[in-house]
Amino acid sequence: MENISPFEITPEHLYLSRHQFLSRRKFLTGISALVASALFLSACRKQDFLSGLGGSDNVELTPAARGEPGVTDNTDLVPSGKDEPGVTDDTDLAPPAKDELGDELTPYDSIVNYNNFYEFTTEKKGVARLARDFKTSPWTVEVGGMVNKAQTFDIDDLRRKFGQEERIYRLRCVEAWSMVIPWLGFPLARLLREVEPTAQARYVRFETLYDPGQMPGQHSKTYAWPYAEGLRLDEAMHELTLLATGIYGKPLLPQSGAPVRLVVPWKYGFKSIKSIVKIDLVAEMPTSLWMAAAPHEYGFYSNVNPDVPHPRWSQSSERRIGEVRRRLTLPFNGYAEEVAHLYQGMDLRKFF
Amino acid sequence: MGRLKTHWLQILTHIVSLLPLAILIWDFRQDRLTANPIQEITLRTGSYSLILLLLSLACTPLNTMFGLKSVSRLRRPLGLYGFMYACLHTLNFIGLDYGFNLNLLREDVFGKAYIWAGVIAWLALLPVAITSTRGWIKRLGRNWERLHWLVYPAALLSVFHFLLLVKADRREPLLYAAAVGLLLLLRLPGVRRVVNKLRDRLKFPTFLAHSG
Chain A
1 MENISPFEIT PEHLYLSRHQ FLSRRKFLTG ISALVASALF LSACRKQDFL SGLGGSDNVE
61 LTPAARGEPG VTDNTDLVPS GKDEPGVTDD TDLAPPAKDE LGDELTPYDS IVNYNNFYEF
121 TTEKKGVARL ARDFKTSPWT VEVGGMVNKA QTFDIDDLRR KFGQEERIYR LRCVEAWSMV
181 IPWLGFPLAR LLREVEPTAQ ARYVRFETLY DPGQMPGQHS KTYAWPYAEG LRLDEAMHEL
241 TLLATGIYGK PLLPQSGAPV RLVVPWKYGF KSIKSIVKID LVAEMPTSLW MAAAPHEYGF
301 YSNVNPDVPH PRWSQSSERR IGEVRRRLTL PFNGYAEEVA HLYQGMDLRK FF
Chain B
353 MGRLKTHWLQ ILTHIVSLLP LAILIWDFRQ DRLTANPIQE ITLRTGSYSL ILLLLSLACT
413 PLNTMFGLKS VSRLRRPLGL YGFMYACLHT LNFIGLDYGF NLNLLREDVF GKAYIWAGVI
473 AWLALLPVAI TSTRGWIKRL GRNWERLHWL VYPAALLSVF HFLLLVKADR REPLLYAAAV
533 GLLLLLRLPG VRRVVNKLRD RLKFPTFLAH SG
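Respectively, the protein sequence lines represent chains A and B. So the first sequence is numbered by the numbering used here: it starts at 1 and just counts up by one. So the second sequence is numbered by the numbering used here: it starts at 353 and just counts up by one.
Just so you know, the hints here were simulated from the structure itself, not pulled from any lab data. Mixed in with the good hints, there may be bad ones.
Here's a subset of chain B near chain A, in silico, CB distances under 7 Å, partners left out [as the list claims (entries may be wrong)]:
{"hint": "1", "residue": "Gly451"}
{"hint": "2", "residue": "Glu459"}
{"hint": "3", "residue": "Gly463"}
Below 27 Å or equal to it, Euclidean Cα-Cα: the simulated DSS-like pairs (lysine-lysine) are [unchecked claim]:
{"hint": "4", "chain 1": "A", "residue 1": "Lys125", "chain 2": "B", "residue 2": "Lys357"}
{"hint": "5", "chain 1": "B", "residue 1": "Lys519", "chain 2": "A", "residue 2": "Lys221"}
{"hint": "6", "chain 1": "B", "residue 1": "Lys357", "chain 2": "A", "residue 2": "Lys350"}
{"hint": "7", "chain 1": "A", "residue 1": "Lys350", "chain 2": "B", "residue 2": "Lys490"}
{"hint": "8", "chain 1": "A", "residue 1": "Lys278", "chain 2": "B", "residue 2": "Lys464"}
{"hint": "9", "chain 1": "A", "residue 1": "Lys221", "chain 2": "A", "residue 2": "Lys161"}
Example chain A residues on the side facing chain B (calculated, C-beta under 8 Å, incomplete) [stated by the list, open to error]:
{"hint": "10", "residue": "Asn113"}
{"hint": "11", "residue": "Trp177"}
{"hint": "12", "residue": "Ala189"}
{"hint": "13", "residue": "Arg193"}
{"hint": "14", "residue": "Thr198"}
{"hint": "15", "residue": "Gln214"}
{"hint": "16", "residue": "Gln218"}
{"hint": "17", "residue": "His219"}
{"hint": "18", "residue": "Thr287"}
{"hint": "19", "residue": "His296"}
{"hint": "20", "residue": "Arg319"}
{"hint": "21", "residue": "Arg325"}
{"hint": "22", "residue": "Arg326"}
{"hint": "23", "residue": "Met346"}
{"hint": "24", "residue": "Arg349"}
{"hint": "25", "residue": "Phe351"}
For each residue, glycine too, the CB sits at the ideal point set by N, CA and C.
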């Protein structure tokens with residue numbers, strides 16, 4: 001094989017050891033802290049809470065912090081960062097252990113055992129087992145619609161042709177929990193440029209595999225399978241929008257959307273559609289599965305927005321997996337500087 | 353003989369009611385409550401509460417219609433355990449999930465229908481739980497039964513609370529709703545008469561029908 005998996009270069013324990021230990025201990029001490037706080041309700045709780053956010057007032061959006069000693073485990077291995085948050089390229093061998101806001105990576109074990117993937121089951125802890133034998137090879141992705149060069153890519157061709165880079169992104173689920181995940185993948189824009197969208201193309205529509213034999217959840221009549229999602233073309237072309245094929249340097253596992261999935265870090269997790277078989281450039285705004293299932297609860301844009309509550313619950317705070325205390329949710333999940341301009345002049349309460 | 357059986361049935365009830373809590377604690381210690389343990393605790397305690405409340409409500413019809421008098425003795429422990437899980441559920445939400453952060457709680461959940469349904473259900477259960485002792489039964493007389501009717505709206509509101517929280521697949525909460533509906537139906541005098549007639553016609557074994 002000509003493409004060496006970064007996993008072969010960076011031992012997994014460099015990623016894992018410290019984080020698993022820390023998060024477990026942090027969780028337990030957090031619990032005891034809460035028991036204590038139950039007894040002594042302190043007046044400055046809000047202050048405490050805000051300081052726990054890692055100084056979000058003066059967020060530094062370049063990953064320069066990675067190079068500072070003491071910030072990561074393996075500072076001697078960390079190369080200088082690029083200009084965009086969480087962006088590294090193929091030559092970066094030792095990924096940072098934190099995101100650009102200084103938040104620690106979620107342990108691999110948590111990422112692959114806590115999944116929303118209704119094609120298998122609605123129970124998050126049950127997806128991994130049910131998805132174990134899911135066939136991800138052979139796999140093709142058909143890219144068509146309003147393009148000049150419609151193509152069907154084999155999954156291996158996709159990886160080879162568009163390269164693999166690591167991106168550390170926060171993932172914020174609409175259910176108010178979040179993770180920090182080191183993805184492996186390539187910008188969707190590269191693929192779209194390759195197929196050349198025509199002037200009429202304004203949206204991109206994505207579709208997940210439909211195969212109830214392999215995906216038992218698709219027998220359920222509750223949802224209009226196959227899962228579908230959509231982006232506006234400028235959102236799809238944005239540098240942060242990723243087609244991911246791996247996590248922690250390893251190929252995606254079925255429960256995480258193998259072999260290829262979308263990652264749009266400033267939108268709620270359900271926008272990041274999994275196990276993609278079809279990508280179409282279209283003129284009209286596509287209807288996603290969730291828009292069809294509950295139009296008042298899930299809009300097309302679904303940008304992470306603490307000021308726009310879900311009809312049934314608020315989105316102002318979230319729980320980072322592995323932590324006890326809630327964090328305040330950041331506008332656009334902390335990526336406002338990069339993406340807010342895409343929505344200038346739009347009423348985000350109306351276009352939720 | 354009858355006393356002995358009742359005794360064992362009661363012990364069994366205590367074990368069955370406490371077992372989920374023991375498993376919950378065990379799973380917590382073993383780190384088996386998913387990557388999001390607080391949410392898992394919320395889900396589990398909520399389900400246990402609802403199931404035990406429904407079982408408690410089923411005791412009376414089982415006694416009056418099928419003469420299972422020993423079962424009626426389980427109504428109180430089942431109901432109280434149901435309330436215990438409801439308290440754990442609420443405490444977990446306020447204490448662990450929101451860290452007793454009243455500002456955040458107010459901002460996040462006030463005005464949300466699911467919260468009100470849950471809070472009112474818990475408030476309805478509170479006087480019922482307090483007055484479940486023999487002393488209170490004597491003191492309240494006829495009013496005791498009236499007060500304890502609150503269990504039905506509490507159960508209905510709990511199911512509604514659950515229903516508001518599921519995303520799209522409403523089968524599980526609807527199943528609970530059907531159970532509460534059926535139990536309410538069985539309390540109607542007309543329905544009771546019909547069921548009694550049916551029972552006699554089907555010639556239920558007399559020890560079942562008239563042991564009380």
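Structure versus earlier hints, numbers of those that do not hold, lowest first: Hints 3, 4, 6, 7, 8, 9, 12, 13, 14, 15, 16, 17, 18, 19, 23, 24, 25 not satisfied by this model.
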